[in-house]
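Engineer: Okay, here's what each chain looks like letter by letter:
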Amino acid sequence: MGASLAESLSPGPAVSSPAPQSPAYEAVIGLEVHVQIRTRSKIFTRVAAGYGHEPNTLTDPVVLALPGALPVMNRAALDAIIKAGLLLGCEIAPVCKWDRKNYFYPDSPKNYQISQYDAPVCRGGAVEIELPGPARNVMGEHKRIPLTRIHLEEDVGKLNHGAAESLVDYNRAGTPLMEIVSEPALHSGEEAYAYLTSLRATMIQGGISDCDMEKGQLRCDANISLRPAGSTTLGTKVELKNLNSISFVRDGIEHEIRRQRGILERGGRITQETRDYDGMTGTSQSLRSKEEAHDYRYFPDPDLMPVVIDEAWRERLRADCPELPFDRQRRFIAAYDLPYTQTSVLVWDRPLADYFEAAVRLGAAPQAAGNWIINDLQRELASAGSAPAECRVSPSHLVALLRLIESGVLLNAAAKEVFIEMFATGDSPEKIADRRGLRATPTDQGELEGWCRESIAGNPKAAAEFRSGKDGAINALKGPVMKAAKGKASPKAVDETLRRLLAGG
Amino acid sequence: MTSSATPLHYLPITEAAAALSAGRLTSAELTEAVIARAEAVEPRLRALLSADPASARAQARASDLRRASGQSLGPLDGIPIGLKDVIAVQDQPLTAGSRMLANFISPYDATVTRRLRASGAVLYGRHNCDEFAMGSSTENSAFHPTGNPWDLDRVPGGSSGGSAAALAAGEALATLGSDTGGSIRQPAALCGVVGLKPTYGTVSRYGLVAYASSLDQIGPFGRTVADVALVLQAIAGHDERDSTSLRAAPEDFGEAVTASPVPRRLGLPREYFGEGLDPEVAAAVEQAVAHYRGLGCEIREVSLPHTPYCLDAYYVLATAEASSNLSRYDGVRYGHRCAAPRDLQDLYCRSRAEGFGAEVKRRIILGTYVLSSGYYDAYYLRAQKVRTLVRRDFLRAFEEVDALLTPTSPIPAFRRGEKADPLAMYLCDIYTIGANLAGLPAMSVPCGFTRAGLPVGFQLIGKPLGESELLAIGHAYDRVHQWGRRSPNL
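Protein sequences, first through last, are from chains A and B.
When the letters of the first sequence are read in order and numbered with the numbering used here, they come out as residues 1 to 505.
When the letters of the second sequence are read in order and numbered with the numbering used here, they come out as residues 506 to 995.
In case anyone wonders, no lab produced these hints; they're calculated from the structure.
Built from N, CA and C at the ideal position, the CB exists for glycine as well.
Certain hints may be false.
[What the hints assert, rightly or not] Here's a subset of chain B near chain A, in silico, CB distances under 10 Å, partners left out:
1. Y613
2. L720
3. L970
4. S973
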């Protein structure tokens with residue numbers, strides 16, 4: 001095993017695209033993302049995996065590495081990485097093989113980590129990203145960031161450093177973890193931000209992880225190097241650690257790019273090292289240089305037999321893969337003619353998008369359904385603090401509401417009121433409209449004509465403008481009519497009556 | 506009480522079980538006899554690292570109550586069985602013969618321990634061994650050496666020397682050892698008892714202190730092949746806590762011993778009868794061969810051409826795995842911790858320097874070296890290739906013969922301190938390592954004594970999962986000669 005893992009994963013083919021941050025230098029960035037897999041039990045034993053428990057309560061002989069304890073693989077963890085690989089278009093290995101990564105540290109109970117060295121479960125694949133567009137309502141540029149590999153390993157415990165001593169909590173040790181390694185194909189903090197946003201949504205929507213960065217369910221290290229723009233060789237890289245929010249990843253990378261550019265512009269050389277970024281202060285400091293790099297002495301773990309991943313296994317998981325957010329967005333735009341801003345709200349929230357599609361399947365007009373879901377449903381969900389899945393307004397009730405509006409039975413203001421009560425009670429819109437007497441009663445035509453004549457008489461200027469061809473002027477005539485009708489006249493009837501009277505002179 | 510002239514503590518399991526089930530003997534009596542025997546011989550023999558007579562007596566009483574109410578759990582119910590101190594027993598010490606674990610109490614049972622309990626066995630005695638099962642004389646125990654019951658100045662073999670000596674001395678009716686390169690078979694030969702290393706994966710390793718995971722296998726010592734079959738029956742079988750345990754069809758090994766036909770063809774690998782083989786050992790093995798010939802077996806010479814590379818491959822693979830397996834002993838969570846560590850590095854270095862003995866350190870260093878960046882291909886990978894070739898040698902031989910017959914150890918028990926050179930010690934396992942590398946079942950059967958009165962054993966190596974056949978072959982000799990029933994003058 002000649003090269004260390006870090007070396008063998010070092011930047012490969014050059015990617016040349018204009019550097020947005022400096023005319024003189026281009027930044028080349030690769031990300032290593034650790035994602036905790038959401039499983040009931042740990043990866044090599046039956047003890048529950050969890051967060052926020054009393055220290056050292058999620059342990060057993062295997063987790064604590066007692067003499068004689070042996071690991072046994074949790075197949076749910078392998079399911080999850082295969083699914084992640086299928087979602088990201090990776091090649092899935094025919095066999096899952098385990099290696100030991102040997103190093104001493106108190107958070108690692110065995111002083112080796114069970115991981116995958118030369119045969120990761122996933123190779124290749126890509127994460128599609130969208131960069132910020134020229135305006136909020138305009139789609140930005142899309143890129144596909146290629147992946148090197150995804151492998152499975154066990155998480156380590158947590159050290160709590162006190163003044164005189166350090167305590168170890170092994171609750172996290174043995175939690176299944178995926179390491180997702182990108183090619184060095186990113187060029188800015190903004191791209192890294194977009195990459196993590198997209199990756200996180202994919203993992204969450206695939207049911208693979210909750211990706212809560214505050215709970216350490218998604219962690220990111222960045223390898224950053226600079227090179228003269230147009231160059232195809234890579235500069236010396238610096239690894240940035242402890243980037244514990246997506247914004248800190250973006251800020252930390254931008255900070256590191258500035259730091260390296262400053263050194264290079266002063267004629268200095270970059271030291272290959274690992275640096276710790278402090279997101280609160282926006283500064284970084286060196287943790288260790290390359291000379292202190294480990295020899296992990298990887299070798300196949302003799303306690304774990306290789307596991308064959310056959311076609312049937314892959315297909316079972318493929319059937320369970322959701323549509324990726326960007327694919328769904330393209331489909332929503334093409335099939336439903338939704339505006340970009342609506343789709344970009346819907347597709348990043350899988351339950352919301354699922355709700356939308358259910359309503360459309362039941363016959364809702366897509367744009368109207370989109371509006372109601374994004375504005376009214378989301379607002380009610382947010383104020384109730386609940387999820388779309390537990391929402392009491394069924395998609396069929398929403399469709400019924402839209403029908404009542406369309407047919408003029410419910411006027412807009414009344415519909416809003418009905419919706420709030422639908423959300424609170426789960427009752428059908430018809431029932432609520434009846435109960436509350438909110439149906440627009442068919443107004444007496446004579447009465448409506450009377451209000452319209454009064455309005456025309458009271459606004460001769462608007463009437464004249466309309467007659468001379470300015471169609472919009474009719475709106476000024478509608479207001480007084482609606483006011484007189486106290487919300488019980490349908491806008492459609494008011495519009496028709498006004499036009500008839502104005503035409504008739 | 507039994508009418509047999511044999512003292513209770515020297516009874517084979519088959520006879521003790523018959524007496525128990527006939528009501529001529531109680532487990533309490535049998536256990537008491539074993540405890541008394543241990544108390545009598547231990548000051549000189551020192552095969553035990555710890556023992557819990559109170560627990561043994563309670564288990565024996567429970568067994569007698571079961572039997573009285575017609576709930577006997579089978580032939581092992583009420584039989585005192587001891588364990589090498591590398592097998593976890595809940596709430597009992599688990600030292601692995603190391604200062605590192607001198608004060609460690611296991612909070613859980615190994616799978617074999619659970620299975621012995623389920624078969625009603627009375628667990629009594631934790632046996633001395635080479636530290637972390639590394640050695641061939643039990644002299645590497647951090648606590649004390651163990652004598653050979655046939656000559657207390659000589660070693661009992663190793664690493665499971667305490668388990669072989671304890672059985673030969675009557676401190677149990679059967680014992681369990683572990684075998685990574687011969688650690689059951691070599692001490693069985695040197696102490697004059699039967700010892701079986703099953704096919705890799707037949708017996709769960711869960712709860713066995715790991716030395717070299719891909720080679721380690723737990724197996725029984727017994728006075729007769731029939732006894733070994735009964736104990737194997739209790740401990741074998743798939744275990745979902747051990748990924749390397751096999752899903753083999755269940756067999757009745759006790760039945761197999763008597764039911765299987767005697768083999769037609771036995772192979773003598775020529776590489777196992779060359780230089781370094783003691784003439785008296787050779788002569789005793791020749792007599793065993795003659796016995797089989799007399800039974801009508803065809804005896805053929807075969808060749809295992811990669812035999813000369815076994816020892817080298819073994820010491821690369823076993824030490825590589827050991828260097829990683831023993832990393833967990835770091836003074837952080839349990840085990841020996843140095844006094845007043847200055848920092849983390851100091852805690853690791855001094856805890857391990859103080860906790861491990863010389864042979865363990867030698868193997869950790871060797872294993873760390875062969876796995877190092879730049880050396881992996883030359884050592885570890887190449888040794889794995891040798892391993893494949895060794896297994897192929899055996900499988901090819903089994904196309905011609907039903908089993909192989911070899912000496913177990915090139916020499917009989919040697920004097921304590923005689924093999925100070927580690928390489929000389931490593932050569933003790935030269936005939937046993939092949940079966941570990943190839944994952945094959947192999948058994949040492951006693952076949953006589955030297956003029957000096959030291960036991961000699963021969964080894965039978967069988968096909969993968971060929972335990973039944975191997976036991977039947979061994980029994981065909983053992984039922985006639987019963988060398989393992991002789992008792993030392995202690």
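Engineer: Each hint should be assessed against the structure and marked as holding or not.
Structural biologist: Hint check:
1. A hinted interface residue such as Y613/B counts as satisfied when its beta carbon comes closer than 10 Å to some beta carbon of chain A; here the least separation is about 5 Å, so the hint holds.
2. The restraint placing L720/B at the interface with chain A holds, with a minimum CB-CB distance near 8 Å, inside the 10 Å limit.
3. Restraint check, L970/B versus chain A: the minimum CB separation of about 16 Å is more than 10 Å; hint violated.
4. Because the closest C-beta pair between S973/B and chain A is about 24 Å apart, greater than 10 Å, the hint is violated.
Violated hints for the displayed structure, listed by number in ascending order: 3 and 4.
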